[in-house]
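So the protein sequences, as listed, match chains A and B.
Here the first sequence stands for residues 17 to 171, numbered as in the working numbering.
Here the second sequence stands for residues 17 to 171, numbered as in the working numbering.
Calculated directly from the structure, the hints in this document are not laboratory data.
A quick note: this is a predicted structure, and the numbers were derived from the prediction, not measured.
Misleading hints may appear alongside valid ones.
A pair counts as met if it fits within one copy or between any two copies, since identical chains are not told apart.
In silico DSBU-like cross-links for lysine-lysine, where the CA-CA straight-line distance does not exceed 35 Å [unchecked claim]: (1) K136 / K18; (2) K45 / K133; (3) K136 / K118; (4) K118 / K139; (5) K18 / K139; (6) K133 / K118; (7) K118 / K18; (8) K18 / K45; (9) K118 / K45; (10) K136 / K45.
Number of protein chains: 2
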Amino acid sequence: MKAFQEYYPDNLSHCYGCGANNEHGHRIKTYWDGDETVTRFTPEPYHTAVPGYTYGGLLASLIDCHGTGTAAAAMYRQEGRAMDSLPAFRFVTGSLHVDYLKPTPIDVTLEIRGRIKEIKGRKVVVEATVYANGVATARGEVVAIQMPDNFGAAA
Amino acid sequence: MKAFQEYYPDNLSHCYGCGANNEHGHRIKTYWDGDETVTRFTPEPYHTAVPGYTYGGLLASLIDCHGTGTAAAAMYRQEGRAMDSLPAFRFVTGSLHVDYLKPTPIDVTLEIRGRIKEIKGRKVVVEATVYANGVATARGEVVAIQMPDNFGAAA
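Isolated chain A, as found in the complex (with noise of 0.2 Å):
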């Protein structure tokens, strides 16, 4: 199975938490679980707060492209069309809000999962709670909105 970002055009595959073409990014990778969206991530070492635990910065930054990605998915669902068809939909982020519950631990593979709460026009806003060993530790929401059909097309 593909991940959504594997279907981003090539030229909108160079962002830092989800391009597959950016060497020193996160390439973050996101499925559907039946209605809700998934991507699983592994901080590296040097991702800490204080040590023992994960940035912040980070979780933000996972929960951003974990929410632009559902966004683009849910649209292709509602519009009942495969990911691949053209034109491709992509989103940027309008806002970002981020609630940390408790201190993340950095060893572990942590859990990223999206709930679409609305889509209305070109915006889609999407819940993503982060979780390490099945506890809740973020919880954020992103307010996706259609990236304009020219942007990013002088790459």
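Got chain A sorted already, so can you dock chain B onto it with the hints?
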């Protein structure tokens, strides 16, 4: 002039965003500028959203650590204490919100300017704005909470 982060205790200097001891991290440096705080940061070429623009997750990370650093400095200032006096004030992020106002170019030094909105008990609320070439491209709010005394003590 030393940056706020240079006063962090050694065991709390491992943060990926702002820890002087994290050689893989962003190592941001924040200073007072009157009643505002300022961080300047030049993204790496691979910190891309789409080519030519800065990744929003990086901006969230910069706002996050700028916010916790500003919170600590504000608390020292309110109590009339030098930043190298003990016990050290250090903050964790309770919540983070970012509104992305427009695409942020990647090939410039970004300026993050912070303003203290509220100090109440162990909580400090910081508003932070990201400027590129003098234009505000993102605006965030960090609710910073004073760290429990034993946080990170194991390091």
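**Item:** Hint check, failures only
**Value:** none
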